[in-house]
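With the hints as extra help, turn the sequences into a complete structure.
Heads up: the sequence lines are chains L and G, in that order.
Read in my numbering, the first sequence has 372 at position 252, and its numbers run on one by one without any break.
Read in my numbering, the second sequence has 402 at position 282, and its numbers run on one by one without any break.
No wet-lab data here; the hints were simulated from the structure.
Even for Gly, the Cβ is constructed at its ideal location relative to N, Cα and C.
Some hints could be false.
[Claimed, not checked] From the structure, some residues in chain L lie toward chain G, with a derived Cβ separation under 7 Å:
1. A205
2. L352
3. A377
2 protein chains.
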Amino acid sequence: MGGDHGAPVMVAGALMALEQDASLELALVGDADVIHQELAPHTPASIGRVTVVGTESVLEATASPRAMLRQGPGTSLWQALLEVAEGRAAACVSADNTAALMLLGRKILGPLSGIRRPALMSQIPTARGMTGLLDLGANLEVTAEQLFQFALMGSVVQASTHASQPLIGLLNVGHEQSKGHSVVREAHDLLEQSPLNYHGYIEGHDLFAGRVDVAVCDGFAGNLILKASEGLASMLLGTLRSSLQQGWRARLGSLLAGPSLRRALAPLNPDKHNGAPLLGLNGVVVKSHGRSGVLATANAVLEAGREVKKNIPERISEVLLAHPAED
Amino acid sequence: MGGDHGAPVMVAGALMALEQDASLELALVGDADVIHQELAPHTPASIGRVTVVGTESVLEATASPRAMLRQGPGTSLWQALLEVAEGRAAACVSADNTAALMLLGRKILGPLSGIRRPALMSQIPTARGMTGLLDLGANLEVTAEQLFQFALMGSVVQASTHASQPLIGLLNVGHEQSKGHSVVREAHDLLEQSPLNYHGYIEGHDLFAGRVDVAVCDGFAGNLILKASEGLASMLLGTLRSSLQQGWRARLGSLLAGPSLRRALAPLNPDKHNGAPLLGLNGVVVKSHGRSGVLATANAVLEAGREVKKNIPERISEVLLAHPAED
Chain L
121 MGGDHGAPVM VAGALMALEQ DASLELALVG DADVIHQELA PHTPASIGRV
171 TVVGTESVLE ATASPRAMLR QGPGTSLWQA LLEVAEGRAA ACVSADNTAA
221 LMLLGRKILG PLSGIRRPAL MSQIPTARGM TGLLDLGANL EVTAEQLFQF
271 ALMGSVVQAS THASQPLIGL LNVGHEQSKG HSVVREAHDL LEQSPLNYHG
321 YIEGHDLFAG RVDVAVCDGF AGNLILKASE GLASMLLGTL RSSLQQGWRA
371 RLGSLLAGPS LRRALAPLNP DKHNGAPLLG LNGVVVKSHG RSGVLATANA
421 VLEAGREVKK NIPERISEVL LAHPAED
Chain G
121 MGGDHGAPVM VAGALMALEQ DASLELALVG DADVIHQELA PHTPASIGRV
171 TVVGTESVLE ATASPRAMLR QGPGTSLWQA LLEVAEGRAA ACVSADNTAA
221 LMLLGRKILG PLSGIRRPAL MSQIPTARGM TGLLDLGANL EVTAEQLFQF
271 ALMGSVVQAS THASQPLIGL LNVGHEQSKG HSVVREAHDL LEQSPLNYHG
321 YIEGHDLFAG RVDVAVCDGF AGNLILKASE GLASMLLGTL RSSLQQGWRA
371 RLGSLLAGPS LRRALAPLNP DKHNGAPLLG LNGVVVKSHG RSGVLATANA
421 VLEAGREVKK NIPERISEVL LAHPAED
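What follows is the structure in structure tokens.
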């Protein structure tokens with residue numbers, strides 16, 4: 121029921137994901153009447169892999185944490201997390217806001233043993249492939265120990281896909297030892313002493329240069345970096361598009377170069393990388409961007425499927441046993 | 121003497137600025153032998169507007185704050201700031217690191233009366249013109265009062281150029297009242313109660329959409345946003361360029377559309393917007409990007425000239441009198 125576009129987009133995205141991954145089964149959680157109404161026009165073969173879990177109410181997007189807890193088990197997000205907690209579902213995908221996912225995720229699924237705070241991670245397309253960036257807003261203020269655990273969790277995720285010994289970078293305002301505030305400097309020391317493959321401090325521009333496999337920062341900066349980047353990319357592509365409509369030379373040029381341009385820019389489409397795991401919970405939870413359309417929603421669902429197959433929570437627990445948090 | 125490329129680029133940039141603004145006179149501060157050597161091949165008419173101020177030593181880029189103070193008055197940065205403090209120069213331009221500028225700027229020029237902490241501001245090209253972003257790294261941790269003063273100083277700068285009642289946005293992880301940590305929320309309250317033209321919270325993507333004239337955040341996040349954006353823009357332009365070389369259709373298309381593309385993307389060149397004022401000091405100080413080439417260096421010098429003509433420090437003082445800091 122979540123996200124800016126609600127059930128119509130969520131249902132269409134869910135059905136698209138089912139068509140792309142034949143191993144998926146989906147429980148759609150929320151207002152049963154609304155969901156059935158959205159499902160009605162669709163009769164793909166995949167519809168047999170959909171069940172509807174009706175709930176009494178829907179989380180209010182602007183509710184305060186206290187109000188969310190007061191609304192209690194009747195909401196769609198609460199119920200979706202309960203499906204995971206009670207073993208009826210392997211993962212929860214939601215486009216609700218991060219604070220709500222964090223609050224109810226911790227309450228209903230609980231954090232993995234030893235994890236201070238779960239963190240939200242996204243895959244960023246860079247000049248050299250994908251870099252995982254975390255935290256993206258689940259933790260606006262952090263401790264050094266938390267930053268260290270973000271690095272550890274990010275490393276587990278990247279190791280499960282494309283990097284055998286993921287290189288970790290700690291985002292800071294400079295590369296030199298003397299740079300940064302005390303929390304960043306303490307996290308730097310923890311990472312240097314750890315067996316993680318730690319590169320050291322990285323700056324903002326190193327992120328898109330693809331210097332590291334995992335980039336770690338507090339959720340306030342991470343959220344601003346991610347959204348500013350999305351805004352800049354969208355502005356640049358808009359500028360590009362309108363400049364290619366100005367005059368017959370540009371229009372003809374764009375006809376000729378268009379396919380090549382589209383091919384080159386396609387991997388940068390944020391919809392393709394939608395689906396940010398909330399790492400560190402006792403179960404797979406994936407946040408879909410609030411503004412997601414159908415394709416982006418489908419990709420968040422597919423991402424949840426991949427996280428389940430990779431056993432990410434179990435792997436994080438295993439690595440945590442080797443690096444217990446200090447008390 | 122500063123920056124990644126040292127005297128050759130600084131001198132060439134200074135001479136380029138002199139050619140573009142006939143009202144400028146420049147004192148080049150540093151190793152006199154090196155500077156004279158760089159000046160030797162140049163004999164433009166403008167050379168009569170250059171003097172050389174020799175110093176014994178040069179600030180070490182990696183020096184700790186304590187080491188900088190110990191190095192004392194012999195360094196080029198110290199002397200350049202002293203030229204301003206003692207009235208021989210109207211502004212100081214430096215490509216030294218932010219921490220050094222901040223430390224020596226506060227020591228030698230001093231903050232404007234009532235200013236908690238000076239802040240570094242840059243002009244960001246957006247979908248609707250230029251937005252001032254501050255702080256960019258002079259203050260990694262901030263109080264609500266400091267964020268308020270950043271808004272006030274940014275407002276003075278934008279009012280002096282293109283916005284009569286500059287619209288202020290406070291960067292946060294969401295637009296809703298409940299979002300953000302306590303410092304951001306307190307700054308929000310201060311701004312709402314002030315006579316500044318305050319829009320409210322903005323998110324990362326609002327920055328490049330040009331929603332506001334001034335965007336305010338702590339220097340840690342601001343530095344990461346700015347550098348990540350530079351990195352992303354450079355990656356996107358690189359991808360674009362290489363995609364236009366692939367195959368005869370793309371190459372022909374790029375020949376036709378090239379001029380239009382270049383015209384559209386030119387305003388986004390960060391070199392054009394180089395020169396970030398360190399606002400809140402008792403004098404004009406402009407930081408040039410460490411990686412600046414000749415054109416970027418020239419633009420930082422021209423920016424310093426504009427700041428002087430706009431009497432920015434005096435204007436900030438006037439506005440501060442109307443909004444004294446609370447104790």
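Against the structure, the hints come out as follows:
no., hint, in the structure
1, A205, "26 Å, violated"
2, L352, "5 Å, holds"
3, A377, "3 Å, holds"
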